[in-house]
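Q: So the sequence lines, in the order shown, correspond to chains V and A.
This note's numbering puts the first residue of the first sequence at 1, with every later residue one more than the last.
This note's numbering puts the first residue of the second sequence at 1001, with every later residue one more than the last.
Hints in this document: simulated from the structure, not taken from any laboratory.
Owing to the predicted nature of the structure, the values given are computational and were not obtained by experimental measurement.
From the three backbone atoms N, C-alpha and C, an ideal C-beta is built for every residue, glycine too.
There may be inaccurate statements among the hints.
Covered stretches of chain V, going by a simulated chain A footprint (3 or more residues, C-beta under 8 Å) [to be verified]:
id	stretch
1	155 to 162
2	199 to 206
3	218 to 232
Sample of chain V residues lacking proximity to chain A, with all beta carbon distances greater than 10 Å (derived) [what the hints assert, rightly or not]:
id	residue
4	27
5	59
6	247
There are 2 protein chains.
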Amino acid sequence: MDQIKVFSPGTIANVSCGFDVLGLALETPGDVMVVKKIDAPLVQIIHLDAYNLPTDPEQNVAGKAALAIIDDLKLDYGFEITIDKGIHPGSGIGSSSASASGVVFAINQLLDTPLSEAQQMHYAMIGEYVASGSYHADNVAPALIGGIVLIRGYGPLDYLKIPVPNELWATVITPKIPIRTFDARRVLKSKVLLTDAIQQCGNLAGFIAGLYTANFGLISRSLVDVLIEPQRAVLIPEFYALKQAALEAGALGSGISGSGPSVFALCQGESKAIAVKTALNEVYQDLGIPYEINVSKINNQGVKILE
Amino acid sequence: MDQIKVFSPGTIANVSCGFDVLGLALETPGDVMVVKKIDAPLVQIIHLDAYNLPTDPEQNVAGKAALAIIDDLKLDYGFEITIDKGIHPGSGIGSSSASASGVVFAINQLLDTPLSEAQQMHYAMIGEYVASGSYHADNVAPALIGGIVLIRGYGPLDYLKIPVPNELWATVITPKIPIRTFDARRVLKSKVLLTDAIQQCGNLAGFIAGLYTANFGLISRSLVDVLIEPQRAVLIPEFYALKQAALEAGALGSGISGSGPSVFALCQGESKAIAVKTALNEVYQDLGIPYEINVSKINNQGVKILE
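Go ahead and model the full structure; you've got the sequences and the hints to work with.
A: Spelled out as structure tokens, the structure:
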């Protein structure tokens, strides 16, 4: 096999109660990537989209990840990577992770899968670092393996796929305004109240237990973020109106996707997720801000081969 | 039925990564209580133990809980409560919760069980308040219903019994020195680092997932407390020596039980738990501090009827 085409999904990191430790994969949107072996041990990046992302492989998330693999595995050949981004960069649904994870998955396939799952995450994190400036797995892990993934800790990376109830859907509105992860991190205070940390712990534990038992009531009560959302909400136009509209339309919970500006809602069943889309649309339709809304089942597979 | 005898178990609250949100019940030690109907709507307390605890019902955890039930249910009779404490008061293994939970369970049985589980917890918390000065369920919930209980939040009380792997055992050393919950709370800083809160969240989520999947490796890696233990360890003589001895003897993890001074270790299997007992004993045997060590399977039942 000299060429492979993959779909790499967008992801929701944090998921309200799981700041920096939880992420989940979406069915849509995602990036479509074609990776082709080339004779020289270098990387060529072609972007089919109009986002004007860097094509210097060292500055490109997919390029950087590919270069790291070529280096470590001492390959005597390289890759041409054609990227058609379906995920708006800087939108808070794992745009950079999707490209980084997609290329690592694709190269691993082209090499007859020498890389373990954990090694693939390692290289995807190296790629994502180019965009976010930190090594985080809460987007790359769900992008690679799908589902809802808990990142217990780093050093070494300790992650676990949590079971996803079959009826769990997500609705995500993506305002097309830029928020850089770097800026979203900068607004966060370095200290939090112990009482808030305890509440967050209780909610995260409740969410995990709710997923294991498909207890939607518990999932709903647990989808609360007392630590981060109050600090970041100001970065997102009409955040609280979106959240309220989602909850009134029957969402289990709603919060900031990653570091924003996307706002997600989790729902029990497709029809609720569609009703939430309608409600979110009503909040944004007259604001004059470009946006898109995606409705998606939780993607339990992660990156998938198209051709 | 005019009289009932119950055993009410000691409990480990916090369980390292679950400060204020987790508690588990022990098979031993525990309190033995006899509750007998009497004609007048009042409460009489008899202590068979030598701990010199208050016998004024308003000042006694069991008495206060019983009075609250008599008041709310407008009973025209009362209870004589005979308590033989097997749990050293102020030892950090839920002494007050055991007495409060035991009496509430016993009275509910004498009344032909009119109280729901949540109502029983309500009254047990009212009793425990007398000793701790705060309404907490992380000891009373496991004492009442057994197992490992997550307290997601309060208002209203939201709790959930988490499955306990069959092989999970606890070893608990109780130095017989007093630490009042009030003092143990006072040493805690009101703010914590966000990075520490995230680590605690990851560990708690990992512990919950480990319990659902009986993954002892994950349980072990998750039994880490970065928030509270570093602040409270100073209150317990040789805490770090105890912890190190437990881990070297094969414990999954070790930490402060409740607000101390008891120190617990969780183990996979009885023989490991006994080996940990030996190791803890070696640390304490020449210190000149009175202590006891209990080895116990996790108690999945809670309060139980003896006669």
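Q: Going through the numbered hints above, which ones does this structure break? Give me the numbers in ascending order.
A: none
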